[in-house]
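Protein sequence lines, in the order shown, are assigned to chains P and W.
Numbering of the first sequence is given in the working numbering, commencing with residue 12 and proceeding in unit increments.
Numbering of the second sequence is given in the working numbering, commencing with residue 752 and proceeding in unit increments.
If you're looking for bench data, these hints aren't it; they were derived computationally from the structure.
It is possible that some hints are incorrect.
Claimed, not checked - Here are the computed lysine-lysine pairs in the BS3-like style, where the Cα-Cα straight-line distance is at most 27 Å:
#, chain 1, residue 1, chain 2, residue 2
1, W, K831, W, K753
2, W, K837, P, K295
3, W, K837, W, K856
4, P, K372, P, K295
5, W, K897, P, K19
6, P, K151, P, K249
7, P, K176, P, K249
8, W, K753, P, K295
9, P, K367, W, K837
10, P, K310, P, K176
11, P, K143, P, K310
12, W, K753, P, K19
13, W, K876, P, K19
Since the structure is predicted, the reported quantities are computational estimates derived from the model, not experimental observations.
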Amino acid sequence: MKVMEEIKLMKGNEAIAHAAIRCGCDGYFGYPITPQSEVMETLMQEKPWETTGMVVLQAESEVAAINMVYGGAGCGKKVLTSSSSPGVSLKQEGISYIACAELPCLIVNVMRGGPGLGTIQPSQADYFQAVKGGGHGDYKLIVLAPSSVQEMADFTVLALDLAFKYNTPSMLLADGIVGQMMEKVVLPPFVPRRTEEEIRQQCPWATTGKVNRKSNVITSLALQAEEMEETNLRLQRKYAQIVENEVRFEEVQCDDADYILVAFGSCARVGEKVVELARNEGIKLGLLRPITLWPFPTKEIQRLAKQVKGFMSLELSAGQMVEDVRLAVNGTVPVEFYGRQGGVVPLAEETLAALKEKLVK
Amino acid sequence: MKTEIIIAGFGGQGVLSMGRILAYAGMLQGKEITWMPAYGPEQRGGTANVTVILSDERISSPVLQQFDIAVVLNQPSMDKFEPRLKSGGILLYDSNGMTRKPKRKDISIYRIDATDMATEMNAPKTFNMIVLGGLLQVVPVVEIDKVMLGLQNTLPERHHHLLPANEAALRKGMEIVEKEE
Numbered sequence: 012m013k014v015m016e017e018i019k020l021m022k023g024n025e026a027i028a029h030a031a032i033r034c035g036c037d038g039y040f041g042y043p044i045t046p047q048s049e050v051m052e053t054l055m056q057e058k059p060w061e062t063t064g065m066v067v068l069q070a071e072s073e074v075a076a077i078n079m080v081y082g083g084a085g086c087g088k089k090v091l092t093s094s095s096s097p098g099v100s101l102k103q104e105g106i107s108y109i110a111c112a113e114l115p116c117l118i119v120n121v122m123r124g125g126p127g128l129g130t131i132q133p134s135q136a137d138y139f140q141a142v143k144g145g146g147h148g149d150y151k152l153i154v155l156a157p158s159s160v161q162e163m164a165d166f167t168v169l170a171l172d173l174a175f176k177y178n179t180p181s182m183l184l185a186d187g188i189v190g191q192m193m194e195k196v197v198l199p200p201f202v203p204r205r206t207e208e209e210i211r212q213q214c215p216w217a218t219t220g221k222v223n224r225k226s227n228v229i230t231s232l233a234l235q236a237e238e239m240e241e242t243n244l245r246l247q248r249k250y251a252q253i254v255e256n257e258v259r260f261e262e263v264q265c266d267d268a269d270y271i272l273v274a275f276g277s278c279a280r281v282g283e284k285v286v287e288l289a290r291n292e293g294i295k296l297g298l299l300r301p302i303t304l305w306p307f308p309t310k311e312i313q314r315l316a317k318q319v320k321g322f323m324s325l326e327l328s329a330g331q332m333v334e335d336v337r338l339a340v341n342g343t344v345p346v347e348f349y350g351r352q353g354g355v356v357p358l359a360e361e362t363l364a365a366l367k368e369k370l371v372k
Numbered sequence: 752m753k754t755e756i757i758i759a760g761f762g763g764q765g766v767l768s769m770g771r772i773l774a775y776a777g778m779l780q781g782k783e784i785t786w787m788p789a790y791g792p793e794q795r796g797g798t799a800n801v802t803v804i805l806s807d808e809r810i811s812s813p814v815l816q817q818f819d820i821a822v823v824l825n826q827p828s829m830d831k832f833e834p835r836l837k838s839g840g841i842l843l844y845d846s847n848g849m850t851r852k853p854k855r856k857d858i859s860i861y862r863i864d865a866t867d868m869a870t871e872m873n874a875p876k877t878f879n880m881i882v883l884g885g886l887l888q889v890v891p892v893v894e895i896d897k898v899m900l901g902l903q904n905t906l907p908e909r910h911h912h913l914l915p916a917n918e919a920a921l922r923k924g925m926e927i928v929e930k931e932e
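Same shape as in the complex, but just chain P (with noise of 0.2 Å):
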């Protein structure tokens, strides 16, 4: 029985919260918009201030609640935020310069129907925002696409541990689906926040309060453009470096596809589902199920087109993730888009039919 009260039934949401609290957050700041306001509530409700010092602060405004973050993260402070894509939209600014600054934090971004204001029911059409860079200049964010509830978890804790290791914001990009379902989910463990100590030796650059040493300045900007190039070229090293790193995915069945389905997030969920259908019709259909979105598993995609007949990608979109899996394809075989818009779900069977008119021939 004591392994039974280890697993918990709660919404993607939730778990966000909750993993926040147990990896040692100090601080969430952020402001209520659906799909994701479970995250804020169930912070508000578990109280994180009584018990390990965290704080949850719900700001004025999306845009304050980034501010927040970068003040937070330039001190040192492990911090997070999440909002839904039009409140994404706002934080943008604020993204580009922790980029620039070179701070640690994680955004959370559960998608919902865009553009514009949109709809509440869930979407992916966010991924060339969070992939390409949603606001100004030559930056990239760690993108992380949980596809379950327990990878709500588990991804809240590794996409901080990446931002701390690179020095870099991650995103956590899920949509409403993996936000409001409830599954099984194991925690992840208590571990303590970081005294103020720890924070000055993990984080030197930090300002943590000028103490016999040089003074630490955070800024994004620089009035030099050879400043600028050199800070521009420092982030390029760091991002080569994830990409040769970091780079996550997970594959169903693809060992001896013919074609191959690629999806992330709660489409793959979809995705694995079609797999099992094409299977039964005799189809040998796989599924790549690309982890992080950004650095993008091309390498993979490079090796798996030289024993394919071709690709279809499945997206809550009008067709944004296809675009990187057509250059690592490179035109040596088929790339092929299936996807809803506007909060609509494709379903498994509709989508098999897409692939047998766009694929199987």
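We have chain P already, so just place chain W on it with the hints.
Quick look at chain W alone, frame taken from chain P:
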């Protein structure tokens, strides 16, 4: 073994919480579970539905075209989900407020007059537990003991005096569910 269930009715009937209780009991039984609500602009009096998947293996899509079991508690839900039952599937419905009977011949149909029974028992809030009892009588996807254990674990202590009423409702549902020919 995988069972894909849709529970649908009016907002306020306890559709989502019935699904949650079912999912929690499934979890206590060691199953893989997914509980996926339709979370559009739902409101009291509007329609609400939730998909519950119980499986011995990893669960793929939480969004489904077809179901093994449909529990429909109002006419719009009957209209929407009767056609989406797999052949040989199970339809459980409450006749209260229904203007037409289910039409399909290739499914098993069960009726439970849970609205009337909840009124008779003077416990309208246990309506969804009567329905759940009926469902578990027809298809024992989870054990009643696990449902009760789940309620005990998830209800705050101050509501524990309601446990006997819920158990009574479950048992009553098991009694009154009827197969329709």
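Quick rundown of the hints versus the structure:
no., hint, in the structure
1, W:K831 to W:K753, "holds (22 Å)"
2, W:K837 to P:K295, "holds (25 Å)"
3, W:K837 to W:K856, "holds (12 Å)"
4, P:K372 to P:K295, "holds (13 Å)"
5, W:K897 to P:K19, "holds (15 Å)"
6, P:K151 to P:K249, "holds (10 Å)"
7, P:K176 to P:K249, "holds (11 Å)"
8, W:K753 to P:K295, "holds (23 Å)"
9, P:K367 to W:K837, "holds (23 Å)"
10, P:K310 to P:K176, "holds (23 Å)"
11, P:K143 to P:K310, "holds (18 Å)"
12, W:K753 to P:K19, "holds (21 Å)"
13, W:K876 to P:K19, "holds (26 Å)"
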